[in-house]
Amino acid sequence: STETAHRYPYFLPDGKHFLFSTLPPQDGKFTIWLGSLDGSERRKVLDNAGTGAVYAAPGYLVYQRDDVLVAVPFDAAKGQVTGEAIPLGDRPLGTGFSGAAPLSASTNGTLAYLRNVPSATRLVWTDLSGNVLSPVPMVPGEYTDVQLAPDGRHAILKRSDGLFASDLWSVDLERGVVSRFSYDPGFNENSAWSPDGSRVAYLQAAANSAPCFVVASVGTGAAVQRFMEGDDAFKFLSGWTPDGKALVFSRQDPRTRRDIWVLPLDGSDPWPYLVTPYVEESGKVSSDGRWMLYNSDESGRTEVYVQAYPQGGAKYQVTTGGAFNHGWSKDGTRIYYSEAARWRVVYAVDVISQDPFRVGRPHQAGQFPEDMFDAQLAPDGKRLLMLLPNGIIPPQSIAIVQNWPSLLKKH
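For the sequence shown, counting from 1, position 342 maps to 334 in the numbering used here; every step adds exactly one.
Calculated directly from the structure, the hints in this document are not laboratory data.
Hints may be right or wrong, so weigh each one.
In silico BS3-like pairs for lysine-lysine, Cα to Cα no more than 30 Å straight-line [what the hints assert, rightly or not]:
| hint | residue 1 | residue 2 |
| --- | --- | --- |
| 1 | Lys307 | Lys36 |
| 2 | Lys374 | Lys21 |
| 3 | Lys21 | Lys70 |
| 4 | Lys36 | Lys8 |
| 5 | Lys402 | Lys70 |
| 6 | Lys70 | Lys322 |
| 7 | Lys237 | Lys322 |
| 8 | Lys307 | Lys401 |
| 9 | Lys70 | Lys36 |
| 10 | Lys237 | Lys374 |
| 11 | Lys36 | Lys21 |
| 12 | Lys8 | Lys21 |
| 13 | Lys307 | Lys237 |
| 14 | Lys401 | Lys21 |
Label-pair restraints from in silico Cβ distances [unchecked claim]:
| hint | residue 1 | residue 2 | range |
| --- | --- | --- | --- |
| 15 | Ile392 | Arg167 | 22 to 28 Å |
| 16 | Asp6 | Ser260 | 50 to 56 Å |
| 17 | Ile392 | Gln303 | 55 to 61 Å |
| 18 | His(-2) | Phe228 | 18 to 24 Å |
| 19 | Lys322 | Glu(-5) | 32 to 38 Å |
| 20 | Val337 | Ala306 | 25 to 31 Å |
| 21 | Ala92 | Ser260 | 33 to 39 Å |
| 22 | Arg34 | Gly305 | 44 to 50 Å |
| 23 | Ala104 | Glu166 | 45 to 51 Å |
| 24 | Gly88 | Ser28 | 35 to 41 Å |
| 25 | Arg172 | Arg34 | 38 to 44 Å |
| 26 | Glu(-5) | Asp82 | 57 to 63 Å |
| 27 | Thr(-4) | Ala306 | 42 to 48 Å |
Ideal Cβ placement from N, Cα and C applies to all residues, glycine included.
Please take these sequences and the hints and turn them into a complete structure.
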């Protein structure tokens, strides 16, 4: 089987049967299955859903297809679809690759879901407290992530074009010129610049294939390299090793949850750096190549740790109050992080000893504004490149639709 996960069970009225979705989606569509508590039954119900599905009385499955909410007649007793899907008109906030349903349904004819409210963003330079210093002279767009190049003059932006589509764009920060960087269909995201700024690595997932890593040269038109094309596991790129010879990423495993791996770019096999029963992620190697900074929940909540690289060994705990790391300073002498309870405040600790590894007392290094989408520290450590809303953000709202079956009469 090519299935990698069974997700989000939703019980039918008899309390014995349930719907669930499987991963990965094929051609951007999820397959929805019927299962039973005694394990005696498994039957395909839908194969063209854009999200997971819920049962809604008096006898429909409601889900998202092509970004629009639809309802399809469903016989719960037989576990079968009995008609064609009917559009309900609204566009709820999608659930991406998760396989979750985008809404909730009651037994009295009420639906509830988050509305999809696209927001245009703009790039600006700010000081470390989030005060705008100067705008980047580019046209605003629906960008959600930014990765600043080592030269501080270019960046990669991510723009989403639907539930199963995102592209990467390169921007010249001095001229404001934005150019397409990725060309493959599906997801193109989670980018990271090489230390010398000559290449960009990112995660690419076509509609009917496993996610793989792509490494593309900047400005040369050279063919891209692809890695781990046959690996179906969820992966997240954390960055590069300082010599530019390998990528660091986290990989999800059904037994060990999430682990930190290293992918050499010479064609040799990826190797596990840190595998435990706990979640390890966001691994970043220091500029001298001696230390791995990462997050782990081994204590019961996520904290920031440092461990020797590449051999591993004794680890040093950086935080104690629940936190996640933002990475190293360019010279590797400082660690940035935020506390989970105060994520907008950025703290810094200076490395005061390498042998053994020790850091000094934390101090506040900056603060993000509440409406920030993403930010990157400039190479000089004195400014932030930040994605902010272009104007007032439309309020996120929950749609409550009463007597939703009346919408069916309009079609």
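Each hint tested on the structure:
Between the alpha carbons of Lys307 and Lys36 the distance comes to roughly 48 Å, so the proposed pair goes past 30 Å and is violated. Distance hint between Lys374 and Lys21 is unfulfilled; the C-alpha atoms sit about 45 Å from each other, more than 30 Å. At roughly 24 Å between alpha-carbon atoms, Lys21 and Lys70 fall within 30 Å of each other, so this suggested pair holds. Using a Cα cut-off of 30 Å, the hinted pair Lys36 and Lys8 holds, with the two alpha carbons roughly 17 Å apart.
Under the criterion of a C-alpha separation no larger than 30 Å, the hint pairing Lys402 with Lys70 is consistent with the structure, at around 27 Å. Annotation: proposed proximity of Lys70 to Lys322 is violated, straight-line Cα distance about 62 Å (limit 30 Å). Restraint check for Lys237 and Lys322: the C-alpha separation of about 18 Å stays at or below 30 Å, so the hint holds. Restraint check: the Cα-Cα separation between Lys307 and Lys401 comes to about 63 Å, which exceeds 30 Å; the hinted pair is violated.
Pair hint Lys70 plus Lys36 holds up; C-alpha atoms about 12 Å apart against a cutoff of 30 Å. With a C-alpha separation of about 29 Å, the suggested pairing of Lys237 with Lys374 holds against the 30 Å cut-off. Taking the CA atoms of Lys36 and Lys21, the gap is about 13 Å. The hint holds against a cut of 30 Å. Among the hinted pairs, Lys8 with Lys21 is consistent with the structure: their alpha-carbon atoms are about 26 Å apart, no more than 30 Å.
Straight-line distance between C-alpha atoms of Lys307 and Lys237 comes to about 24 Å, which keeps the hinted pair within the 30 Å bound. Straight-line distance between C-alpha atoms of Lys401 and Lys21 comes to about 27 Å, which keeps the hinted pair within the 30 Å bound. Separated by about 47 Å at the C-beta atoms, Ile392 and Arg167 break the suggested range of 22 to 28 Å. Separated by about 53 Å at the C-beta atoms, Asp6 and Ser260 satisfy the suggested range of 50 to 56 Å.
Under the hint 55 to 61 Å, the C-beta atoms of Ile392 and Gln303, about 56 Å apart, fit the expected range. Here the CB-CB span from His(-2) to Phe228 is close to 21 Å, well matched to the stated 18 to 24 Å. Checked against the hint of 32 to 38 Å, the C-beta distance between Lys322 and Glu(-5) comes to roughly 43 Å, which is inconsistent with it. With their beta carbons about 29 Å apart, Val337 and Ala306 fall inside the hinted range of 25 to 31 Å.
Here the CB-CB span from Ala92 to Ser260 is close to 37 Å, well matched to the stated 33 to 39 Å. Here the CB-CB span from Arg34 to Gly305 is close to 46 Å, well matched to the stated 44 to 50 Å. The beta-carbon spacing between Ala104 and Glu166, approximately 47 Å, falls within the hinted interval of 45 to 51 Å. Checked against the hint of 35 to 41 Å, the pair Gly88 and Ser28 fails, with Cβ atoms roughly 28 Å apart.
One distance hint, 38 to 44 Å for the beta-carbon pair Arg172 and Arg34, holds here, with the actual separation near 42 Å. Checked against the hint of 57 to 63 Å, the C-beta distance between Glu(-5) and Asp82 comes to roughly 31 Å, which is inconsistent with it. Range check, Thr(-4) to Ala306: about 34 Å between beta-carbon atoms, so the 42 to 48 Å window is missed.
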